[in-house]
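Number of protein chains: 2
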Amino acid sequence: MTIDFDKSGGLVPAIAQDADTGAVLMLAWMNREAYEETVRTGRAVYFSRSRNRLWRKGEESGHVQEVREIYLDCDADTILLKVHQIGGAACHEGYQSCFFRRVEGDKLRVVGERLFDPKQVYKK
Amino acid sequence: MTIDFDKSGGLVPAIAQDADTGAVLMLAWMNREAYEETVRTGRAVYFSRSRNRLWRKGEESGHVQEVREIYLDCDADTILLKVHQIGGAACHEGYQSCFFRRVEGDKLRVVGERLFDPKQVYKK
Chain A
951 MTIDFDKSGG LVPAIAQDAD TGAVLMLAWM NREAYEETVR TGRAVYFSRS
1001 RNRLWRKGEE SGHVQEVREI YLDCDADTIL LKVHQIGGAA CHEGYQSCFF
1051 RRVEGDKLRV VGERLFDPKQ VYKK
Chain B
951 MTIDFDKSGG LVPAIAQDAD TGAVLMLAWM NREAYEETVR TGRAVYFSRS
1001 RNRLWRKGEE SGHVQEVREI YLDCDADTIL LKVHQIGGAA CHEGYQSCFF
1051 RRVEGDKLRV VGERLFDPKQ VYKK
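Chains as they are written, first to last, in the working numbering: chain A, 951 to 1074; chain B, 951 to 1074.
One chain only, chain A, in its complex shape (with noise of 0.2 Å):
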């Protein structure tokens, strides 16, 4: 079973679809290491292009991504992750989906609940 980490420069997208409701939840990016450690320990470890490192999801919220099972599409480059979202809500912005925002004409209109306050799970 190869992944190819090597088409994109050593990360692939990884998709987290919520396992209950099949919710769109995120994309995010994994390397090499961050796949493997999320099959070894049941929860999706990302690779932050941002910081440049590891991310294990809900390292700092404490809303972790528990893993039920692993897809892997037809090109071997892009993996699908279904999960159980602690917390309910995947976005750092408080929303179930990072895909929070529909395209409407030329305008974006928000469309998902918040369920919690940013502030008050990141404190910074």
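Among the clues, some could well be false.
Identical chains blur together in the list; that is why a pair holds if it fits in one copy or across any two.
[To be verified] When the alpha-carbon atoms are kept at most 20 Å apart in a straight line, the in silico SDA-like pairs for lysine to any residue are as follows: (1) LYS1057 / ASP954; (2) LYS957 / ARG999; (3) LYS1057 / ILE953; (4) LYS1069 / ILE1036; (5) LYS1057 / ARG1018; (6) LYS1069 / GLY1038; (7) LYS1057 / ASP1025; (8) LYS1057 / ARG982; (9) LYS1057 / ARG990; (10) LYS957 / ASN981; (11) LYS1069 / GLY1012; (12) LYS1057 / CYS1024; (13) LYS1057 / THR991; (14) LYS1057 / GLU986; (15) LYS957 / ASN1002; (16) LYS957 / SER998; (17) LYS1069 / ASP1025; (18) LYS1069 / VAL1014; (19) LYS1057 / ASP1027; (20) LYS957 / GLU983; (21) LYS1057 / TYR985.
Treat the hints as calculated values from the structure; they're not laboratory data.
For this one, chain A is given, so just place chain B on it according to the hints.
Chain B alone, transformed into the frame defined by chain A:
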């Protein structure tokens, strides 16, 4: 409404999700031109990295994707399309979803149902 096409060298990932079932069908890439044509025509247009040109999904197979809704993520660098997949199969290998293989230990198990034989659809 600004999508950050510059962050990844002009291309952002676009997830296609079945609007009715919620199944994640595929992930492909869009540049600005692909996105604008998608919005204008209501059919998914991607940018093929391997062919280095616009890829009007279904242009060869007829299996176009009618776009019902478009969502943008919190960082404005990933697109989620809710689509109606003509022909039922998004994957060029004949499966509903490109994510037809589940990781089981060190192996991949095919869990999707094949809806068509690629040889019959892509006459090469």
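Quick rundown of the hints versus the structure:
Proximity of LYS1057 and ASP954 under a CA criterion of 20 Å is satisfied inter-copy only: 15 Å between copies versus 36 Å inside one chain copy. In this homomeric assembly, LYS957 and ARG999 come within 20 Å of each other (Cα to Cα) both inside a single copy, at 16 Å, and across copies, at 10 Å. For the identical chains of this complex, LYS1057 and ILE953 are inter-copy neighbours only, at 12 Å across copies versus 37 Å inside a copy, given an alpha-carbon limit of 20 Å. For the identical chains of this complex, LYS1069 and ILE1036 are intra-copy neighbours only, at 18 Å inside a copy versus 44 Å across copies, given an alpha-carbon limit of 20 Å.
In this assembly of identical chains, LYS1057 and ARG1018 lie within 20 Å of each other by CA distance solely across copies; the values are 16 Å between and 35 Å within a copy. Proximity of LYS1069 to GLY1038 under the C-alpha cut-off of 20 Å is restricted to the intra-copy arrangement: shortest distance 17 Å within a copy versus 43 Å between copies. For the homomeric pair LYS1057 and ASP1025, the shortest alpha-carbon distance between copies (16 Å) is at most 20 Å, but the shortest distance inside one copy (34 Å) is not. Taking the shortest alpha-carbon separations for LYS1057 and ARG982, only the inter-copy value of 16 Å comes in at or below 20 Å, while the best intra-copy value is 37 Å.
For the identical chains of this complex, LYS1057 and ARG990 are inter-copy neighbours only, at 15 Å across copies versus 42 Å inside a copy, given an alpha-carbon limit of 20 Å. In the homo-oligomer, the alpha carbons of LYS957 and ASN981 lie at most 20 Å apart both inside one protomer (11 Å) and across protomers (18 Å), since each shortest distance falls under that limit. For the identical chains of this complex, LYS1069 and GLY1012 are intra-copy neighbours only, at 14 Å inside a copy versus 48 Å across copies, given an alpha-carbon limit of 20 Å. In this assembly of identical chains, LYS1057 and CYS1024 lie within 20 Å of each other by CA distance solely across copies; the values are 14 Å between and 34 Å within a copy.
Taking CA atoms no more than 20 Å apart as the test, LYS1057 paired with THR991 passes between copies only; the shortest distance there is 18 Å, against 40 Å inside one copy. Taking the closest pair of Cα atoms, LYS1057 and GLU986 come within 20 Å of each other only across two copies (14 Å); inside a single copy the shortest separation is 40 Å, beyond that limit. Proximity of LYS957 and ASN1002 under a CA criterion of 20 Å is satisfied in both settings, with 18 Å inside one chain copy and 14 Å between copies. In this assembly of identical chains, the alpha carbons of LYS957 and SER998 lie at most 20 Å apart whether taken from the same copy (18 Å) or from different copies (14 Å).
Taking the closest pair of Cα atoms, LYS1069 and ASP1025 come within 20 Å of each other only across two copies (18 Å); inside a single copy the shortest separation is 40 Å, beyond that limit. Taking the shortest alpha-carbon separations for LYS1069 and VAL1014, only the intra-copy value of 18 Å comes in at or below 20 Å, while the best inter-copy value is 43 Å. Taking the shortest alpha-carbon separations for LYS1057 and ASP1027, only the inter-copy value of 16 Å comes in at or below 20 Å, while the best intra-copy value is 32 Å. In this assembly of identical chains, the alpha carbons of LYS957 and GLU983 lie at most 20 Å apart only when taken from the same copy (16 Å versus 23 Å across copies).
Taking the closest pair of Cα atoms, LYS1057 and TYR985 come within 20 Å of each other only across two copies (15 Å); inside a single copy the shortest separation is 36 Å, beyond that limit.
No hint from the list above goes unmet by this structure.
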